[in-house]
Amino acid sequence: MEPSLIVSERSVEEAAVERSGAEILIEALTDLGVEFVFGYPGGAVLPIYDALFRQSGIRHILVRQEGGAVHAAEGYARSTGKPGVVLVTSGPGATNAITGIADALMDSIPIVVITGQVPTALIGTDAFQECDTVGITRHCSKHNYLVKDPAKLGAIIHEAFYLATSGRPGPVVVDLPKDVQVATAEYRKPAAISHKTYRPQVEPDSALIEAAVEMLASAERPILYTGGGIINAGPEATRSLRELAELTGAPVTSTLMGLGALPASSAQWLGMLGMHGTYEANMAMNRADLILCVGARFDDRVTGRLDAFSPTSKKIHIDIDRSSINKNVRVHLPIVADAGRALARMVELWRERQHKAPDTRDWWSRITGWRARNSLDFPPSASEIMPQHAIRRLWEATKQRSPIISTEVGQHQMWAAQHFGFDAPNKWLTSGGLGTMGYGLPAAIGAQLGHPDALVIDIAGEASILMNIQEMSTAVQYRLPVKVFILNNEYMGMVRQWQELTYSSRYSESYSQALPDFVKLAEAYGWKGLRIEKPDELDGGIAAMLAHDGPVMVDCRVAKLANCFPMIPSGAAHTEMILQANEVSGEMDDEAKALV
Amino acid sequence: MRLKAEATERHTLSILVDNEAGILARIAGLFSARGYNIESLTVADVSHDLAVSRITIVTSGSAHVMEQILAQLERLVPVHKVTDLTSLGPHVERELALVKVAGTGEHRIEAMRLADIYRARVLDATTGSFVFELTGGTEKINTFIDLMREVGLVEVARTGVVAIARGREAA
Ligand SMILES: Cc1ncc(C[n+]2csc(CCOP(=O)(O)OP(=O)(O)O)c2C)c(N)n1
Ligand SMILES: [Mg+2]
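Residue numbers (our numbering), protein chains in the order written: chain A, 1 to 596; chain B, 1001 to 1171.
So that you can see chain A by itself, here it is in the shape it has in the complex:
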């Protein structure tokens, strides 16, 4: 496949020497400033592993399963803003990486995945450990390449990084046959990148920005609905969002992926919206007269029933991906641009025109009314640890240290989103779009490597953590002091919750049977293991976890049957939230059963 990169200028140090494809790869990664490669060796990448051995600039992190490598790269990328790099062998190495690649596509995480491939002459012969990696990853990557010529490899690697990190970020796969790793060619570092077909629109159209500012200035019931795009757009985007929120006085809500862009401690923060969002966030979306959506994509977890979604509002949608606009919800003013650039321009223009903050006193008094429902409240218990309470205590105990939190998938993930307050971006690593159990531990490992001094905690469920438990060994090898805080309810709680809501509590296969003793498991891996069983042990247990200078796994036994509320059942409107467990019905009809 031809690289479409136009190399505008040769760099000065013309390197006429020929190198092997493997060396070219390492050289290009070095030129791109790569610190870590998360990987696992095998026959089809041996030349690359040999080239890695003979250099010292790039650190290889040996995971215990390729799936772990991709999530670790995602955690590194999401927490540092830099692309994550993965190296795996052909066949099973590549197929093990697929889940992570799909995960990164859904959540727009910049990663570059290099997969070994059988030698070009053997492609198509069902050779040992051959699989059609470009075929398999075609629709779960942002782009992919099969490299057949070592002379093109350098340019392709640079292009792959450019694609992964620019526009709407995402995973890019480079499949590298073994003979191409061995064959030699010249490599020159490209000086500047411009692509002949791929040109993301970064700068917003000024007429549209003007229209957006005027709409916002004259709104009576505005709301800012923000998403992961703001985090991806970097720290300036977060700053501009905070400025715009301050200038307009508008309430702000965000998707799961956007938490931390506006500090949770801000008076304007309404909490997350959507299926497990707050009552005030969802009601405000429903009653608003203007929604400014920035870097979010109106997905089904956010909108609830589409025909009842925010019926009275005008909608402005800022997104770098045109295909996200008007996909699920029709908007009045689409703006294709980088979230940060668009927000900065709006702030500028707002100031230039000396707009006053619209009078939102009435609007805020309604919001205050909704807030008073305290939708995140949960029934207290003296005998059992309520999982929500555990998260609140964990937050209280760690917030001074501005921790990086990753999660697995399930109730614990939603409780973390609801009850842990994020005051800064890049501190929250969770699998939103794909909802991948097993994401949290490797993601925490990647984040810890990117932030050696940070406190990194994976808030886990007892079922999810078992999906990539082998990565405990990776943490030990690289002396990473990650903490895993398991909210152990002995159930795949989120599955059980849906079975209660939809199937009259027929708990089909959702009980976590035959669990390991997590404390002994921790010890077997060389971690510290702790168990917290009673409410009065909670704070002490958290303190003991934090006091240990090394990896710790905490088996926190929580109320087994607690459910995550508030909740908009799938297919219901924002105004039809279930606030408490006793509102839950037994059996749903077929239409409801068919919804995701």
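FYI, nobody ran anything at the bench for these hints, they're computed from the structure.
Just so it is clear, CB atoms sit at the ideal spot from N, CA and C, and this is done for glycine as well.
Treat the hints with care, as some may be off.
[Unchecked claim] Some chain A residues flagged as far from chain B (calculated, every beta-carbon gap over 12 angstroms):
(1) Gly43
(2) Ala308
(3) Asp549
[As the list claims (entries may be wrong)] Keeping only pairs whose Cα atoms sit at most 27 angstroms apart, straight-line, the calculated DSSO-like set for lysine-lysine is:
(4) A:Lys327 to B:Lys1081
(5) B:Lys1081 to A:Lys196
(6) A:Lys593 to B:Lys1004
(7) A:Lys152 to B:Lys1081
(8) A:Lys528 to A:Lys560
(9) B:Lys1004 to A:Lys327
(10) A:Lys327 to A:Lys356
[Stated by the list, open to error] To spell it out: a stretch of chain B is covered by chain A in this simulated footprint if at least three of its residues, at any positions, have a beta carbon under 8 angstroms from a beta carbon of chain A; those stretches are:
(11) 1036-1047
(12) 1134-1140
Following the hints, position chain B with the ligands against chain A.
Using the frame of chain A, we list chain B with the ligands on its own:
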């Protein structure tokens, strides 16, 4: 529970792409992955250096789905340009069909007479069969094939639609 379908409209899209390995799979796969229809698809190099191909796709969908199809196609890295010729307006569409009929006597004479009216050319003839070549819009070809059914249709091969905008500008 019964599944429902949405009302759709037929559109002809013209897509200029880098002529690289796997490009057709990328485009066709996007359609199947996102549940869009393909009624026909044609592809060939159209630049002097063979670097760019034009893919013509006839698809159908609601206005909203059409908008998504265009946006999703444009998002693919090797895609240069996507044009919805149907919404653009004046354009010409053609396809080519090869139609084999077999028969004797009245049927054979009638097949020849109809071919003449439809300006089909005879590419192959035996004492008991013809292969006709016919170019035209999809409707015309459909009608011709329907007529041939009555006089001994054996088999059909069609190219699918190719299309281009009218006037002097490139679409
Ligand atoms: C890889 C994968 N398989 C299945 C699911 C479906 N799923 C979503 S949540 C969940 C249960 C998770 O249980 P646990 O980790 O104990 O978390 P809890 O909900 O109990 O907090 C399952 C099976 C998923 N999200 N990911
Ligand atoms: Mg559980």
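Hint-by-hint comparison with the structure:
1. Gly43: Holds, because the least Cβ-Cβ distance between Gly43 of chain A and chain B comes to about 24 angstroms, which exceeds 12 angstroms.
2. Ala308: With a cut-off of 12 angstroms, Ala308 of chain A remains clear of chain B, as the shortest Cβ separation is near 18 angstroms.
3. Asp549: 46 angstroms, holds
4. A:Lys327 to B:Lys1081: 20 angstroms, holds
5. B:Lys1081 to A:Lys196: Given that 27 angstroms is the threshold and the Cα spacing comes to 11 angstroms, the pair holds.
6. A:Lys593 to B:Lys1004: 16 angstroms, holds
7. A:Lys152 to B:Lys1081: 25 angstroms, holds
8. A:Lys528 to A:Lys560: It holds: about 24 angstroms lies between the C-alpha atoms, which stays within 27 angstroms.
9. B:Lys1004 to A:Lys327: 19 angstroms, holds
10. A:Lys327 to A:Lys356: 33 angstroms, violated
11. 1036-1047: violated (count 0)
12. 1134-1140: As far as the region 1134-1140 of chain B goes, the hint is violated, because 0 residues have Cβ atoms under 8 angstroms from chain A.
The structure fails to meet hints 10, 11, 12 from the earlier list, while all remaining hints are met.
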